[in-house]
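Enquirer: Residues per chain, in single letters:
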Amino acid sequence: MLRFYLKGLFRDRSRSLLPIIVVTIGVTLVVLANSWVTGVLEDMVVFNARFATGHVKIMSRSYFENRSQQPNDLALIGTSALMASLKSEYPEMQWVERIQFGGLVDVPDENGETRTQGPGGGMAVDLLSDESREIERLNLEKSLVKGRIPQTPFEIILSDQFAGKLEVEPGDTVTLISSTMYGAMSITNFTVSGTIKFGTAALDRGGMVADISGIRQALDMTDATGEILGYFPSGEYDDVEAASFAAAFNEKYSNPQDEFSPVMATLREQSNMSGFLDLIDYFKGIIVTIFVVVMSIVLWNSGLLGGLRRYGEMGLRMAIGEEKGHIYRSLIIESVFIGLAGSVIGTLFGLFFSSLMARGIDISGMMQNSTMMMQGVMKAKITPAAYYLGFFPGLIATVLGTVLAGIGIYKRQTAQLFKELQA
Amino acid sequence: MTHTIHMTAGLLLITSIAAAQPSGKEILDRIDQNMSAESRYVKSKMIIHGPRTSRTIESETWAAGESAFTEYLAPARERGTKMLKLEDQLWIFSPATDRTIQLSGHLLRQSVMGSDLSYEDMMEDPDLASKYDAVVTGSETVDDRECWIVEMHAKTEDVAYQKRKLWVDRQRFIPLKEELYAKSGQLLKKTELSDIQQHGSRWYPGRIVYKDMLKTGSGTEFIVDEISFDVEIPEYLLSKAALR
Chain A
1 MLRFYLKGLF RDRSRSLLPI IVVTIGVTLV VLANSWVTGV LEDMVVFNAR FATGHVKIMS
61 RSYFENRSQQ PNDLALIGTS ALMASLKSEY PEMQWVERIQ FGGLVDVPDE NGETRTQGPG
121 GGMAVDLLSD ESREIERLNL EKSLVKGRIP QTPFEIILSD QFAGKLEVEP GDTVTLISST
181 MYGAMSITNF TVSGTIKFGT AALDRGGMVA DISGIRQALD MTDATGEILG YFPSGEYDDV
241 EAASFAAAFN EKYSNPQDEF SPVMATLREQ SNMSGFLDLI DYFKGIIVTI FVVVMSIVLW
301 NSGLLGGLRR YGEMGLRMAI GEEKGHIYRS LIIESVFIGL AGSVIGTLFG LFFSSLMARG
361 IDISGMMQNS TMMMQGVMKA KITPAAYYLG FFPGLIATVL GTVLAGIGIY KRQTAQLFKE
421 LQA
Chain B
1001 MTHTIHMTAG LLLITSIAAA QPSGKEILDR IDQNMSAESR YVKSKMIIHG PRTSRTIESE
1061 TWAAGESAFT EYLAPARERG TKMLKLEDQL WIFSPATDRT IQLSGHLLRQ SVMGSDLSYE
1121 DMMEDPDLAS KYDAVVTGSE TVDDRECWIV EMHAKTEDVA YQKRKLWVDR QRFIPLKEEL
1181 YAKSGQLLKK TELSDIQQHG SRWYPGRIVY KDMLKTGSGT EFIVDEISFD VEIPEYLLSK
1241 AALR
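Chains as they are written, first to last, in the working numbering: chain A, 1 to 423; chain B, 1001 to 1244.
It should be emphasised that the hints constitute simulated quantities derived from the structure, not laboratory data.
None of these values were measured; they are calculated from a predicted model.
Misleading hints may appear alongside valid ones.
[What the hints assert, rightly or not] Over 10 Å on every C-beta distance to chain B, these chain A residues come out as not near it, computed from the model: (1) Ser14; (2) Arg15; (3) Ile25; (4) Met44; (5) Leu74; (6) Ser85; (7) Gln100; (8) Leu140; (9) Ile177; (10) Ser179; (11) Tyr182; (12) Met185; (13) Asp223; (14) Ser234; (15) Phe260; (16) Arg310.
[Said to hold, decoys possible] If you want the footprint, here are the derived chain B segments under chain A, 3+ residues with CB under 8 Å: (17) 1046-1056; (18) 1094-1101.
[Stated by the list, open to error] Beyond 12 Å from chain A on every Cβ pair, some chain B residues (computed): (19) Gln1033; (20) Ala1064; (21) Tyr1119; (22) Glu1146; (23) His1153; (24) Arg1170; (25) Gly1200; (26) Lys1215; (27) Ile1223; (28) Asp1225; (29) Ile1233.
Beta carbons are placed, not taken as given, at the ideal position from N, Cα and C, and that holds for glycine.
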């Protein structure tokens, strides 16, 4: 019987071609949209985790409350002891200390007077220890445009755009005018060791990276740090694990009465990341729902048109004694085949286009004035969900469309059939 | 008849109070006579009470008119840092970097060595009468001293604080308390002056506590260890040559 239906579909292309094309286009779009949005949002999460949030981050309670200002006067003190505790209690995690700093970068002329200057924001990370993986984590080596990674505490990397604006080259001396953690003015000379392209407009405008030991001296932050970032060994963010990890840490170390006691926050709790993470989950549901509704309406209409075209055939089948229910079921079985074919083809097309877009689209030109931490290249990402996310809605929408369109069969009156056929 | 006598007595009382109360302008002139000088030398300590720790910074300052030169003596991190103000310009010399940086724009609003004082505060001309209109709004006792309450409004826009409120000692004409406001009316800073000492014909505070109301911490104590008025200041000390 199934072969009979299949033969019918193959021989009468007008019965199957249009619905298959419609389902294929729909499923392709669902797979592509899912891969694109997943890729872009997950890239943002990974990028923010590497540069700003870690998978978990430890700060003082008051620093956490004012974290948007990166207030080093509220930094953690006695961090060498805290780092030692963290490394012994949670050896599987990777712990790194970072200091976010801002200031004016002043370039002297041959007389030591200001030649040019501009505001910048920087990140102090461990660049000099043998065990540090920060260079790799921040992709610094590959992002270098000129020069090299700092090899001494008082060397600094400037964003290539910022260096160009200040007219400095590797080897030149710049003076960082900033504030110590006690609020005093700090004036420190650094040698530019290289220039870098961060790939995000906000950082490329005035970003810098220096070794944490040099910045500690500059900002009078001996045994202090703004933030301690923790990374899971897998490199992947796991929200459930991070939340339980943070709860355990805060229970042990954090004191709500002491504004300078350490507190651990998960990636989700920082930098509006929770919105992004929720968006990734919601988006899949939203596109599937929209797809099923829209496709069902399109296929319902297509089924109605097909029903009109096959009006005579249905009439004849009923006239020779075929039950309405049997005809209805046969239409639904046909739609399952159509849905299967369209979903398979659509999934394949969707995966193909997603793999093309996984190479990335450069949008850095559109983000010149952006202040968001976003990468300049947006890439799609094919996840396991891409293999089935479009498949089932494609099938469901086709069947649903046929179920709605086929209801008309039950409205036909047997008594009228021969009159209709004679006509 | 009794009614007329009461009225006359009341009027006489009001007139005598009005006669005893100096005008705002007169009070500001008397304050300037105490606080301003042709030139002065001050050796001072600044104790900054931060939210977690207190730090003491020692310095020497030579000032004449609108020019001032300060050299920091302690702690070790700040020793040798020099600051020069020439009219409305300010330079800082950092010995560690061998750089002289001119401060302008928003940098002038930064705190001096992490204290509750900004560079803008330090650059302010101490002469109040030329910058502000003043009105006496009442009287109050501060530290057991009878004070006039004087409200000052800036004559021009180019001052750090558009409104100031002073509690001025009625006898010595020295402020004992001050509140500094932004144009919006927000209270920005409070100062308390104490340990008032006589130096010749003038009165001058030995201790001033500044509190930046927008900062955490318990304020900054400015303690005058040594002060001399109308001293001879070598010309080079108030020039850029003194910075290196």
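Enquirer: Now tell me if each hint is right for this structure.
Expert: Here's how the hints hold up against the structure:
1. Ser14: About 73 Å separates A:Ser14 from the closest Cβ of chain B, which puts it past 10 Å; holds.
2. Arg15: The claim stands: A:Arg15 keeps its Cβ more than 10 Å from every Cβ of chain B (closest is about 74 Å).
3. Ile25: Per Cβ check, A:Ile25 is outside 10 Å of chain B; nearest 56 Å; holds.
4. Met44: The claim holds: A:Met44 sits with its nearest Cβ about 31 Å from chain B, beyond 10 Å.
5. Leu74: Incorrect as stated: the minimum Cβ-Cβ distance to chain B is 8 Å, not above 10 Å.
6. Ser85: holds, 20 Å
7. Gln100: holds, 18 Å
8. Leu140: Holds: least Cβ distance 26 Å, greater than 10 Å.
9. Ile177: violated, 6 Å
10. Ser179: violated, 7 Å
11. Tyr182: violated, 4 Å
12. Met185: violated, 6 Å
13. Asp223: Correct as stated: the minimum Cβ-Cβ distance to chain B is 13 Å, above 10 Å.
14. Ser234: holds, 37 Å
15. Phe260: violated, 6 Å
16. Arg310: For A:Arg310, whose nearest Cβ neighbour in chain B is about 77 Å away, the distance exceeds 10 Å, so it holds.
17. 1046-1056: holds (count 6)
18. 1094-1101: holds (count 7)
19. Gln1033: holds, 34 Å
20. Ala1064: holds, 24 Å
21. Tyr1119: violated, 9 Å
22. Glu1146: holds, 37 Å
23. His1153: holds, 30 Å
24. Arg1170: holds, 37 Å
25. Gly1200: holds, 35 Å
26. Lys1215: violated, 8 Å
27. Ile1223: holds, 18 Å
28. Asp1225: For B:Asp1225, whose nearest Cβ neighbour in chain A is about 21 Å away, the distance exceeds 12 Å, so it holds.
29. Ile1233: holds, 25 Å
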